[in-house]
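Each chain is listed here by its residues.
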Amino acid sequence: MFERLTERLEQVFKRLRGYGKLKEHHIDEALRQIRVVLLEADVNFKVVKEFIAKVKEKSLGERVLESFTPTQQVVKIVRDELIELLGGEKSDLIFSSKAPSILMLVGLQGSGKTTTAGKLGKWLRKRNHSPLLVSTDVHRPAAQEQLKVVAEESGLPVFSDNSSSPLKVCFNSVKIAKREGYDVVVVDTAGRMHVNKELMDELSILKKEIQPTEVLFVADAMTGQDAVRSAKVFNESLDLTGIILTKLDGDARGGAALSIKSVTEKPIKFIGVGERYDDLEPFYPERIVSRILGMGDVLSLIEKAEAAIDRKEAQELEEKIRNESFTLEDFQSQLRHIGKMGPLSQILSLFPGSTKLKGMDLPDVNEADLKRIEAIINSMTREERLNHTIINGSRRKRIARGSGTSVQEVNRLLRQFAQTKRMIKQLNLISQGRRGIKLPLPFFNGN
Amino acid sequence: MKLQPQEDRKRFQRLRRGLLKTQQSLTLPLERLFKGKRAFQEAALEQLEEILIEADVGVATTREIIDSLQEKINKEPSLSGSALKEHVKDHILSLLQVGREAATQLPSDALQVVLVVGVNGSGKTTTIAKMAYQLKEEGKKALLCAADTFRAAAIEQLEIWAERVGVGVVKGKSGSDPAAVVFDAIRAAIARGMDFLIIDTAGRLHTKRNLMNELEKIRRIIGREVTGAPQEVLLVLDAMTGQNGISQAEEFLKFSGVTGVVLAKLDGTAKGGVAVAIARSFGLPIKYVGVGEGLDDLLEFSPPEFVEALFSSNEELISCPD
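Quick mapping for you: the protein sequence lines, in order, are chains A and B.
Going letter by letter, the first sequence gives residues 2 to 448 in the working numbering.
Going letter by letter, the second sequence gives residues 18 to 339 in the working numbering.
The hints are simulated quantities; they were obtained by calculation from the structure and are not laboratory data.
Where hints are given, some of them may not hold.
Quick look at which bits of chain A chain B covers, simulated, 3 or more residues with Cβ under 8 Å [unchecked claim]:
1. 31-45
2. 104-115
3. 144-150
4. 187-198
5. 219-226
6. 249-260
Sample of chain A residues with no beta-carbon within 10 Å of chain B, all distances over it, derived [as the list claims (entries may be wrong)]:
7. R180
8. D184
9. P268
Just a sample of chain B residues kept apart from chain A, beta carbon distances all over 12 Å, derived [stated by the list, open to error]:
10. G185
11. F200
12. E233
Ideal placement from N, C-alpha and C gives every residue a C-beta, glycine not left out.
Let the sequences and hints guide you as you build the complete structure.
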């Protein structure tokens, strides 16, 4: 997520740091580059224009050039403006004081509404709500069926009624929710083009009649310049309350996030970051900007770990991470946990400076791989597990034979372990920084 | 695969209707830009740059077009506005022509296998339904294969379409191995003497290595069962896609040997400009465009028509409501 954007911005700032004395034309040049970076990330060109103008005004206005650390100042301005652009504070879901709350999902075809309905339901369930899913999509073949399967897979109740109109389906589902004590109804609507007036009217009538607590615009993160236009029309006809951005687990540069927020002035409430029903995260502008700027997102990382690992284990791990006595045994148990936390590449992207890890051989862990890795580690002696540096060529051969794998695989595992140890070291530096010693932000000292 | 061209006039109108929104946002400012200005100043070029960027053509491709225009101006400062307009038009046209000459001439007796790939929600299944419909209209025998065993109710969706169109569909169980379904479908298509087999695959983000490897496997099996197949591997791209489309094309090309692009959902306000960048970067031709929800809303892509429709200033089109 945002990797390329991060990479490119790092390059711009690195060059900026290279100048002995920062002059105005250096800033101009950097801003020109930032402009290209943002445009290539699909941020709408009008939004980019305003953004650049603001950063420029502040960079020249705050006597940045005379300060001791002009580049830091510029980075800080870019960071602040990005956060501002993404909405500043985190914005929570709103619930109605009178149950059930109705959350209505709207958007273009293929933006990911139905999958998001399942994810949202699961998210609500985890927070002690009792959600009911309902689909009003009577247009697309098998849409109702899809939501049914989604509900089944994520263990949620679903109301289905193929025969009637979207409005009737909604009313009936609310009736059922009241009768059976569901406190949230998640309404999945049919995807539609914003230029289709008939369908947009249908949606605004639906909204008027059912009075939803939230009207959430589900948008594909890969959308280009047109994102502003569709978001604007949806907002104008439905007065959205928030945005959910989907498919951020690809390599989309996510510029749509900045554009949509900026044109609708509505908060981004959630982001979809994977294919599992757990892969929905609340949106924290500040954390995302840290990610974009390559400063990592340690807070999200910690939360993810806490959700997947139990408290006691977490403490033990923290201890080990702190005194860097992380062994292959811990690595093995970590790999098991990672299955619960999500794909390793996703976890690692939260680390500061993670773009620099690109090109490293990171394991895309799946069940079969995990079994092989376990077999390799099980074939080591205890001594080897506690101190991997003693594993020489002949030991490797023995381990490979014992685990039914190859020396290459053993090598690969050891390499990955060494990388993990390195990452842990980096994480330690950061958490020390958080205790007020020094924040080793990658931009500031050029590491 | 070759879809019969429809009646020319009807088709041109439909394409234009689909591109109407493109016209309003791309052509009109261009029109203003080209009319009444003899020499282009920096500001005018910048404006043109913005117009192209807003059409999702992308920074690099836009830069190339602008640079070439600048060069033209330097060489012949007295060129008229309309000549410059022709220059931009020709430039985009030449970018779109890339890779089209190499269009595969299919030997007609073998089973034609069309593999359809793309990211989640790009419009694969609907595109397949439209293709099947057109083939049927042409009197060809087509069979569909529901190899999306991953997404909830994907198989049912294709089944409903197949029923509407009146073609058969081979499916596996939800969650089963898609490659096995493809294998069954090929055997069935041959046994039933089909002309075409169109395979629907699960939407996948191009960054998911495992899923991309799965495509490679499917492709291998097709090639093993039918020599020279798949004759077409079509990447379905949502016209709304921004610069990410380039990386989608790159990855799908690598893993599934894409032979062409289908630009879906061109009936919105999105301009699909990224297709120009894809043609430029990978020489991948755009083969079809989806311009609506009807079964006959899949058109063969024609660069001259596309560019012509992009630039023609037609009163009737201009007065159309947004």
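Hint check results:
1. 31-45: Coverage by chain B holds for the region 31-45 of chain A (6 residues, Cβ < 8 Å).
2. 104-115: Since 6 is at least three, the answer is holds.
3. 144-150: n = 6 at 8 Å, threshold three: holds.
4. 187-198: holds (count 3)
5. 219-226: holds (count 5)
6. 249-260: Satisfied; 7 residues make the cut.
7. R180: 27 Å, holds
8. D184: At roughly 25 Å from the nearest Cβ of chain B, D184 of chain A sits farther out than 10 Å, so the non-interface label holds.
9. P268: 22 Å, holds
10. G185: 16 Å, holds
11. F200: 22 Å, holds
12. E233: The claim holds: E233 of chain B sits with its nearest Cβ about 15 Å from chain A, beyond 12 Å.
Violated hints: none; the structure is consistent with every hint.
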